[in-house]
Amino acid sequence: MADTLAALRSLMDSHSPPLDALIVPSEDYHQSEYVSDRDKRREFVSGFTGTAGLALVTKTEALLWTDARYYLQAEQELSDEWTLMRMEKDPAVDKWMADNFSKDAAIGIDPWCVSVEKAKKWEHAFSKKQQKLVQTSTNLVDEVWKNRPPVKIDPAIVLPLEFAGLSVAEKLKNLREKLLSEKARGIIITALDEVAWLYNIRGSDIPYCPVVHAFTLVTTSSAFLYMDKRKVSLEVKSHLEENGIEVCDYGTVSSDVGLLASNELGSSSAVKGIQPEVMQGLEVNCRENVTGDGRNEEEENDNDLIWISPGSCCYALYLKLNCDKVLLQRSPLALAKALKNPVELDGLKKAHIRDGAAVVQYLVWLDKQMQEVYGASGYFLEEDIKNTNNQLKTMKLTELTVSDKLESLRASKENFRGLSFPTISSVGPNAAMNHYNPQAETCAEMDPNSIYLFDSGGQYLDGTTDITRTVHFGKPSAHEKACYTAVLKGHIALGNARFPNGTYGNALDILARASLWKDGLDYRHGTGHGIGSYLNVHEVGPHWIGSGPQERNVPLQASMTVTDEPGYYEDGYFGIRLENVLVVKGADTKFNFGDKGYLTFEHITWAPYQKKLIDLLLLTPEEINWVNTYHARCGEILAPYLDESERGWLKKATEPTNGTGPPIRSIDVSPSLWNESGPPGNLKAMKTAKIFGVSLSLILINMAAIMERADENLLPSVYKEVSEAFNAGPSDLGYLTFIRNFVQGLSSPLAGVLVINHDRPTILALGTFCWALSTAAVGVSQYFLQVAFWRAVNGFGLALVIPVLQSFIADSYMDGVRGTGFGLLSLIGTLGGIGGGVLATLMAGQQYWGIPGWRCAFILMAALSSLIGFSVFVFVTDPRKAISVNHASGEDSDRDLLIEKSKASASSIWLESWAATKAVIKVKTFQIIVLQGIVGSLPWTAMVFFTMWFELIGFDHNSTAALLSLFAIGCAMGSLVGGLIADRLSQLYPYKGRIMCAQFSAFMGIPFSWFLLRVIPQSVSSYYTFATTVFFMGLTISWNATAANGPMFAEVVPAKHRTMIYAFDRAFEGSFSSFAAPLVGILSEQMFGYDSKSIDPVKGSEREAFALSKGLLSMMAVPFGLCCLLYSPLYKLLRQDCENAKMAGSKETEMI
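Numbering (full-length UniProt numbering), first residue to last: 1 to 1152.
There may be inaccurate statements among the hints.
What the hints assert, rightly or not - With a straight-line Cα cutoff of 27 Å, these simulated DSS-like cross-link-like pairs (lysine-lysine) come out: (1) K518 with K612; (2) K237 with K152; (3) K237 with K405.
Don't read these hints as lab results, they were simulated from the structure. These figures come from a predicted structure and were not determined experimentally.
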């Protein structure tokens, strides 16, 4: 270091004029915050590696200015030759120089590395003592830097429109309109992220920043891009040419700016053959008064200004211009880039979800490692460290090795392109350094007794991320908890802010600091910065949140991004910071004072806060509720991206907490059933009871499913007896199924309407009572039309029950295991179907007290259904209405739910649900699932004739019941197996695994239907062949609903509206599929010769059985094939629709 300073001072002495001091800034030719390795001149001279700072070398001293983020780091890295100058404490560099240098002192700068704004400020400060700011012809640091890294030559890339959102043509058009409005004929753009954003190109010239070293000149009629042509691929060249952009050599920008100033820039210098390899000589005399020769008619017009941004344009280019024709104003691209377009916002949200999954996976891994290697109590518990001497000898974790693991987890995510900045992985005292960067030689070992802070982010094609979390794997002290909680309170307060349009970020800064100020604490960095869209993680300007003045700042506006990152740092001990990325959006407020309109924030970062670091007694009930709500959203959003063990860890990390101590349990209360005092104490206990670890609510819901399936199978099981009792043929019996299914389909939306004002258990009980009444009525009916009427009523009851059951299960299971959940429901429901069918079939041939057995079966089923309906009404709780129990008081929060419920009218909720329904109906995945559901339901509706078909073949009631039971068992097992397989495949092949399962299952219906109905001889001697076939047929064709349809519906439909959407699905499917049964009857009678009068009541009729089998095959094989094909478009559509649904779901929860 001493040799470097000596070499520099020698060059300063030999310079003409001799220099009294040399300023070495951190920035490159583009005033970048992060610079390439060959541009780290200040780091080379001083040894200080922080990203912000300025070095000053005089004849006898060496001084370094940096801000509060780097005080500790600078103290550690600077050698004895250097003096640390603390910004905000010590005199600013220009004041120090003006006060400490003699009159006529010469201070040297490289004008390429200093902005116009800084140079003018320094010139003004020096002028008071006739001190001079001298522009060096070469960079003196470069001359003494013998091993300076070479130029990095990596090709630039084109950012596809699917990620950019706006075309280059649109951006140039908007820019040129802005030029005209400001009376400018051209603009010089030097900021690298602005160049990349304008032309939709990205590069890798600077680590962590996907930019390419380039300038651009844009006039009202032309555009020039100055970059190393070796980085211009054929794709990039074609992309630029298509948009009318001329590519020039990087080194020609200086001469071309001179031509622009004289209005002679018709084509670039490069085209004229001037191709200097490096920028050397500079004309440093600003043309104060240029007249005459070079001026043409256009210059006489009003539009004669050249626009430059004083904060980002280098002084060297400014000196090439006519000073009286310069518009010194922030670049219009700064605001345009900050206002994210819808595609950019969508990409940012998706990138943050994937990034959040990586952070959770990292915490899961690190939690395990800290316990295994150091005997730490871990992420969740607060215990003393165990003795792990043996393990310590064989393995060690450092700040760097664990951060490498985090990078590897990010790298596994879709669209990952690299880190967005060097990961700040810091333990104990190192965490007190705001921007600590661990190095292999000096980084600390992980310590289970100390706080660990990690601030990290990723660059993805669809967005840039930045997140900070602070954790402790041992037993944090009360002071650490208090400090963490104060930071969290500020983090919540800022994220929840509502403010009028026109509010600057510095007006909100106090919200993040107030909780710290209360205890005399604070932090020395800003609170929030913009973030790019696959660009710089620190989007410089035009908005920010901090305690400084609002100079050159603009108000916060909708669609901007900004971070929320308060902290607290105790030098030598620990540091705490929490950071989420926010999106500014419009706020719905009760009033609109001054017609300003109001704004708020939306969190798009998802990762849990460590609950054991939170002192719950310091949080308000509202803050606790916010944490619980945020954690609930984390669990819902991230679970699909995690494996089973990771989901289990996340579930524990996001369990709700109360204000008195450890995590609380959640219970469900249906307030509409009770007064404000809550349910009776004994019922309250029963509502939360579990049997073999399964909640009573879930057990009763499955009992309802059992009865629903039993009732569904009841009539088909006694078709033969009903046919004889009412002299009805297959078409008549088919009409009974048609009537029930058709009414069920048309009435299904009513379930969605009723849940607006009533909870789901109430609707479920109502539907159960309705079908119980109709079932009993069928049992006592004397005329066929009476049976038809009560079957319609039965359909009405089922219309209320089925959508509620489906949405209940969808809400009770996470995305990754919903297939299993639906499979269990189907399995258990099938048991009911078997029971109902077997019971009815066995009772059908008997008489009880002189009453035909089939009628007794209907009455018995009605009684059991009524009992289940009553139990559901009394004991089942809705999973959406989970509330917290305060263990200290033992009181429920029913009143809060009632108050919340009263805030919105039924009409407003109905309109919201209807709007959501219309929106979901437009979703392509929804349309395809419904369409295949309509087609796929036809075979299953036709199968109601299986009982009658087997009996026509000649099988008695017992044999028929056995065959149908085998088919039902196969279906039940298939539903569960299909759900399990699909859950696994959905993890291995996201957005494809479930579709593959569905197509396999639908396809298998074709060969099995053909074999069952056409190949097997239709005689009682084929009993075992029939038995084997129906079992394996049921095992393979029953996957669709549980493996694909149910889970995929839940993924593309917002949870809030699932009952309504499931109801509409039932309306579509039920209405159309209801035609299958009568069509089977009509085909059998009109086309295939079925004659009900030819049937032997005991032996059946093989001829009629054959005719019926033809009708069945027609309504099974073809629909199964169509169903298989209809799933195919989902390979392309499902991913986008799922991610859109997750984004829509995150907007429903007001957390910010």
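Results for each hint:
1. K518 with K612: holds, 22 Å
2. K237 with K152: Judged against 27 Å, a Cα distance of about 19 Å means the pair holds.
3. K237 with K405: With Cα atoms ~38 Å apart, K237 and K405 exceed 27 Å; violated.
The structure is inconsistent with hint 3 alone, although it conforms to all the rest.
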